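Order-wise, the sequence lines are chains S and D.
Each residue of the first sequence is one higher than the one before, starting from 533 at the first, in the working numbering.
Each residue of the second sequence is one higher than the one before, starting from 78 at the first, in the working numbering.
If you are wondering where the hints come from, they were derived from the structure by calculation, not from laboratory data.
From a predicted model like this one, the values you see are computed outputs, not experimental measurements.
Heads up, the beta-carbon is just placed ideally off N, CA and C, and yes, glycines get one too.
Treat the hints with care, as some may be off.
[To be verified] A few chain D residues facing chain S, derived, Cβ under 10 Å:
no., residue
1, Asp110
2, Asn133
3, Asp137
4, Asp139
5, Lys154
6, Ala161
7, Arg162
8, Glu177
9, Leu185
10, Pro290
11, Pro293
12, Ser312
13, Glu314
14, Met434
15, Glu435
[As the list claims (entries may be wrong)] Which stretches of chain S does chain D cover? Using the computed rule of at least three CB atoms under 8 Å from a CB of chain D, they are:
no., stretch
16, 657–670
17, 747–761
[What the hints assert, rightly or not] So these bits of chain D aren't anywhere near chain S, every CB distance computed over 12 Å:
no., residue
18, His155
19, Thr270
20, Gln287
21, Met316
22, Lys318
23, Phe334
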Amino acid sequence: MTTVQDLPQVRGVKNIPLEEQFTSGHRTCQGCESALVMRLMVKASGPRTIVLGSTGCMYVANTTYYSTPWVVPWMHTQLGSSGSAATGTAAGLASMMRKGKMQEEPINVIAFCGDGGGVDMGLSAISAALQHDEYNLLILCYDNESYANTDIQVSGSSPWGANSTFSPPGSETRIMNKRWKKNTAPMLATGHPGVRYVATACGSYGLDFNNKIRRALTIGGPTFIHSIDPCPKGWDYDPKYSHELGMLAVEVGLWVQYEIIDGELILNGPSRAIARGIRKRKPVEDYLLRQGRFAHFTQEDIKFFQEQVDESWEKWWAPGVVPFHLREE
Amino acid sequence: MTTTTQTMFQTESEELISGSEAIALACALADVDVITAYPIRPYDTVMQYVSQLKANGAFDCDFIVAESEHSQFEIVKHASAVGARTFCGSSGVGWFYAFEAIAVTAGLRMPVVAMVGNRALDDPGAFGVEHNDALAVRDLGWMLYWVATAQEALDIALMAWRVAEDPNVFLPMAISCDGSFLTHSQALVNVPTARDVQRFLPPYNRGNLQLHPDNPITVAPQVNEDWLMEIRRQSHEAMIKAVPVIKDAYAEFKDIFKRGDPSPFIEEYMTDDAEIIIVGMGTLALPVRVAIRRLREQGRKIGFVRVKFFRPFPTDELREVLSGCKAVCVVDRDYSFGSPSFAGVLFNDLRSALYPMEKRPQVLNFIAGLGGREVHVNDVNDMINITQKAIDTGIIEQESTWIGVRE
Numbered sequence: 533m534t535t536v537q538d539l540p541q542v543r544g545v546k547n548i549p550l551e552e553q554f555t556s557g558h559r560t561c562q563g564c565e566s567a568l569v570m571r572l573m574v575k576a577s578g579p580r581t582i583v584l585g586s587t588g589c590m591y592v593a594n595t596t597y598y599s600t601p602w603v604v605p606w607m608h609t610q611l612g613s614s615g616s617a618a619t620g621t622a623a624g625l626a627s628m629m630r631k632g633k634m635q636e637e638p639i640n641v642i643a644f645c646g647d648g649g650g651v652d653m654g655l656s657a658i659s660a661a662l663q664h665d666e667y668n669l670l671i672l673c674y675d676n677e678s679y680a681n682t683d684i685q686v687s688g689s690s691p692w693g694a695n696s697t698f699s700p701p702g703s704e705t706r707i708m709n710k711r712w713k714k715n716t717a718p719m720l721a722t723g724h725p726g727v728r729y730v731a732t733a734c735g736s737y738g739l740d741f742n743n744k745i746r747r748a749l750t751i752g753g754p755t756f757i758h759s760i761d762p763c764p765k766g767w768d769y770d771p772k773y774s775h776e777l778g779m780l781a782v783e784v785g786l787w788v789q790y791e792i793i794d795g796e797l798i799l800n801g802p803s804r805a806i807a808r809g810i811r812k813r814k815p816v817e818d819y820l821l822r823q824g825r826f827a828h829f830t831q832e833d834i835k836f837f838q839e840q841v842d843e844s845w846e847k848w849w850a851p852g853v854v855p856f857h858l859r860e861e
Numbered sequence: 078m079t080t081t082t083q084t085m086f087q088t089e090s091e092e093l094i095s096g097s098e099a100i101a102l103a104c105a106l107a108d109v110d111v112i113t114a115y116p117i118r119p120y121d122t123v124m125q126y127v128s129q130l131k132a133n134g135a136f137d138c139d140f141i142v143a144e145s146e147h148s149q150f151e152i153v154k155h156a157s158a159v160g161a162r163t164f165c166g167s168s169g170v171g172w173f174y175a176f177e178a179i180a181v182t183a184g185l186r187m188p189v190v191a192m193v194g195n196r197a198l199d200d201p202g203a204f205g206v207e208h209n210d211a212l213a214v215r216d217l218g219w220m221l222y223w224v225a226t227a228q229e230a231l232d233i234a235l236m237a238w239r240v241a242e243d244p245n246v247f248l249p250m251a252i253s254c255d256g257s258f259l260t261h262s263q264a265l266v267n268v269p270t271a272r273d274v275q276r277f278l279p280p281y282n283r284g285n286l287q288l289h290p291d292n293p294i295t296v297a298p299q300v301n302e303d304w305l306m307e308i309r310r311q312s313h314e315a316m317i318k319a320v321p322v323i324k325d326a327y328a329e330f331k332d333i334f335k336r337g338d339p340s341p342f343i344e345e346y347m348t349d350d351a352e353i354i355i356v357g358m359g360t361l362a363l364p365v366r367v368a369i370r371r372l373r374e375q376g377r378k379i380g381f382v383r384v385k386f387f388r389p390f391p392t393d394e395l396r397e398v399l400s401g402c403k404a405v406c407v408v409d410r411d412y413s414f415g416s417p418s419f420a421g422v423l424f425n426d427l428r429s430a431l432y433p434m435e436k437r438p439q440v441l442n443f444i445a446g447l448g449g450r451e452v453h454v455n456d457v458n459d460m461i462n463i464t465q466k467a468i469d470t471g472i473i474e475q476e477s478t479w480i481g482v483r484e
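The following block holds chain D by itself, in its conformation from the complex (with noise of 0.2 Å):
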């Protein structure tokens, strides 16, 4: 039977489109299950694109718009274990309101694919980009990554069906697109065809843990002190697993839709000889690299890491990236009250990264960017003098600086 997918995308195509509209477009793709949606700016995006895609017979899929995100969580989690494929997504506090959800899909490895428009948690109420909400799970078994442009939204959302989904992971995986940057802004996507991203996603099988029944199973018992441990662990050791199927499946990946970066872990921009090197995650990219370029003009060496996967935390790429520079200089667009330093998460993580390491550089924390207030070039400069003063005098005054705040 050829279904409408497979002749909707026989070629590829340029479109101008925003990441949502382009993780949208991934869900027709890769030929989704079961989608659930509920309303909450800025991810909602995907989800009328999604419905739009359905109304219009481009892909077959059971569209639930449920009645909380809790529900919709929930929803995908179960058709998930009867062996569906599925996506879903949220933002801010909606993504809060489904936490419960979000804890037990991974306790239970059910490898459901959502997306986060990152978005400040209210209250007060606002619509711009924090990573705090996405980052409230890095402790419960998702799989992280943070993208930066639409082309990337869409590449990978294919992989993450693909990492989720291999039998050595079954862990959930969360696509963050910061809000209105990514979920509303159009750039030129490249879209593959269905038959190429066939070669590359394989049916999701769960095998002898499909709740069906012909495999009578019973799914999450009661094991309290008896076994949970060794579940945890379970979900540990899969967690350590998805790091070579991450990088299999990006190797397979460029080989089959010929783009992406050397690594799929970190981005490395203008790295070689920087003697400052910033990390950031999502689009504070485009900023960044533009500051860089002007610095570079004026002989400053400076480099840019964008970290992609926050969860498997690329530790060993950013010891090696960041081993050869003198200071590095942790931009997040996140808070983390009354944490070490009062500094921000992405800086406290890759400050314990690197701890180990015999010869450290200095690191130095930036909160940039909250609640979707921009970060220009200027903003960067201000970081890039300030981290420059610090390997001068040899001396850091502040661990953790807020740039572009009103005092």
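So that you can see chain S by itself, here it is in the shape it has in the complex (with noise of 0.2 Å):
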């Protein structure tokens, strides 16, 4: 394996670094939170880091010709393909670096995919990179909830009846989407133990951000985080409360922040105030009826996503992480 660099955590908002990898040159919606996303990422990575774009809003908005705002070295991926770019990538590097035909170094190898594109159609390729722990690699979902690039159209990542293109409410059925949300970073963290890191995250909570990427690319071997990303045009709100519905998922209780480290599961942030009893939920209603995706939602549907909510954290194994539990003898 080869060794990892030295990027320390940070303390304290003022020690982030300010040299910016991704910059100006992008066309990403007003109040884009996964353009955030991106700038975080690479902001904690620093620039001896390559980074591999699957197909998605942060390919197609993101990279115009002649006008990049990768200053890191850059390269679109197929839909399905961040686990096989990452790996691609680092296998490259790793058996040059070895047979002496590139200068031994550790670059940084980031691969990164929508919810559509993790969650849905790249989801073999993630898990078989998470089985190479010869390569230091990242791969990050950030996750719009649904394939905003294409018009919105609902993934195995949306919320439970979320209006999308694919989904929409209409005169006979109102609930188009009668799946729920896959749960994805467990589902890999579970799957594949040899990993080290696993984590969710959110760009509302940039400090936190910034570190997770950091430990994920300094732990050694693959590692995964998934990112909620709020996304104006395809919640339907108004691109100001970007940063707010990201705070507002995780205070309802239906994103949770952890990290899970060799094996252990560390909720943080206010996730982890709310399963050590400090901080009370605030209730689902307050995040749905702030988005127009759930605009057609009745008072029995709130409930019910209240209801799905409430036995994630109070019949779960590990709550809003796990979603069963060992059967009393």
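Each chain sits in its own coordinate frame; assemble them with the hints.
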């Protein structure tokens, strides 16, 4: 295994590097939280980084020929290929460095994918990448809960009932998307116990985000981070509320912030306070009613949604994370 | 530092090996950096040999068993982008599973070398050879080569990295090997020394296109209608530039390794005075040559041209060699349902290549040997008899005929 870079954890937002590795030149929507995620991601990783971006908003809206925002080397990869792109890049570097064909140095390899590319199409390639302990790489799934680049279509990571162009509420059927959001990060952590680091993140918590990226890049081996990214276009709200909605997702308990480090689950931020009973979960309604994608919800729908969230906190083995429990003998 | 490769391939040797094994040895000789495997018959034999070579320390590479053909091709594509020499391969529907990755590999101008163990496309399930798998990528910017012997498989693999990695080309190349007939059949192969291979094959240098923090480029941004046409044009020009690169590389190959045909693009057999010339690809050459020898004994003037490079297509070479004959008998181990004359892929490409000639021979098509069905000497005789009739009467009754099929 090649060595890793020295990327210390940062205490205090003022200690985050000033240098930008993702700058102007992109064409993302106003209020796009994923663009912030990209910026935080490479700010944390620094310049000796290669980024692979699978098809999605952060490809199409981010990289226009002659106006790339990427200061670090960047390459497109196919929609379902974030895992393969990371593996291929890391393998190419490792092989050539070992054989003396390239100067030896730790280079961060980060592949990102949206929820369509990661939670749906690219899941098997991500799973395969997480089996290769010999390569240092990070796969970051920026989850805006729909295929937002292609006109907002429902994905396996969209919330139950959300309005999308493939799940529009109609006169006959109000709830077209009957699937509950896939529990992706725990699935990958459980399925690949050799992976030393899996985390969830949210761009609303910048310092936390920075440190999670750095831990993922320095712990060694393949790692995975799942980030929740409010999307003004897909979620249908005023762009100025992106940050606030990210925080609300955590505060109502719908999105749980945690790290799984070497097999240890550590809740962090508001999720930790909620789990300890220090802080009360806000009602899910506060979150749902802020977004046009849930405007068709009836009181019953909101109640159903709240029950699902309650169950994940009260009945699951690990609150909001592990969706089953040991039967008592 | 002395690598195992250098100690293992210090002297030339003659080995009884299959086409797959020959290409695996070429991987070791070429010091390939990243190789990806996924099982499907019959190509996967090459990866069995590669994994053995790696396990026994014959060469150092990152050998990755992917979880699908799609990932297999994506992994080498990205390894190639950072400057690693790569190899992978597939067969039949496996090749099709990777189709998206195969398309972008050519679009991105990554010099990936792949082996296609030609296999029928399921369903219904069939392991045997058909050329439709590799032929499906003929319009995408892959160089396509059809091999006839295990020796040729080894030789052309070395050629493939040399040509694909030439900065004037930077296109992927697929080496097509007929399933079973080549992937699994053994023949004597001369294995060159690592020193000679190093003389022939320079290291892969991606230059200012290499993805590395020292060269922080953005690869494959959105271009849309503003630039895509110019970028397609560059791939087109790369394919044109590949022609002289192939010629030069082949001349040097023959100089260093002391073997090879007069042309890298086609192989001629008894064509000088031939009135009928059979044209085909791959291991079909064997029964055709036998049939021709027998017919020659009877005084019939029959010849054979084996198309080696299908992309870039040897238009000039074929026009020249076929200009003197009366009729061309194109044997397709493939089909193109609904195509012009409801015929085969090679036939339609060849016939269109001959169209501008002032004096055109008659061109007949024969679909034969699908799904690995053997093409016998008698089948070849049938094709020649039908072609002779067209010459004698001046009428082509049927442009494309299926040979050896139950009616």
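Hints, verified against the model:
{"no.": "1", "hint": "Asp110", "result": "4 Å, holds"}
{"no.": "2", "hint": "Asn133", "result": "18 Å, violated"}
{"no.": "3", "hint": "Asp137", "result": "6 Å, holds"}
{"no.": "4", "hint": "Asp139", "result": "4 Å, holds"}
{"no.": "5", "hint": "Lys154", "result": "6 Å, holds"}
{"no.": "6", "hint": "Ala161", "result": "4 Å, holds"}
{"no.": "7", "hint": "Arg162", "result": "9 Å, holds"}
{"no.": "8", "hint": "Glu177", "result": "6 Å, holds"}
{"no.": "9", "hint": "Leu185", "result": "8 Å, holds"}
{"no.": "10", "hint": "Pro290", "result": "5 Å, holds"}
{"no.": "11", "hint": "Pro293", "result": "4 Å, holds"}
{"no.": "12", "hint": "Ser312", "result": "16 Å, violated"}
{"no.": "13", "hint": "Glu314", "result": "19 Å, violated"}
{"no.": "14", "hint": "Met434", "result": "42 Å, violated"}
{"no.": "15", "hint": "Glu435", "result": "45 Å, violated"}
{"no.": "16", "hint": "657–670", "result": "holds (count 4)"}
{"no.": "17", "hint": "747–761", "result": "violated (count 0)"}
{"no.": "18", "hint": "His155", "result": "3 Å, violated"}
{"no.": "19", "hint": "Thr270", "result": "19 Å, holds"}
{"no.": "20", "hint": "Gln287", "result": "9 Å, violated"}
{"no.": "21", "hint": "Met316", "result": "22 Å, holds"}
{"no.": "22", "hint": "Lys318", "result": "23 Å, holds"}
{"no.": "23", "hint": "Phe334", "result": "24 Å, holds"}
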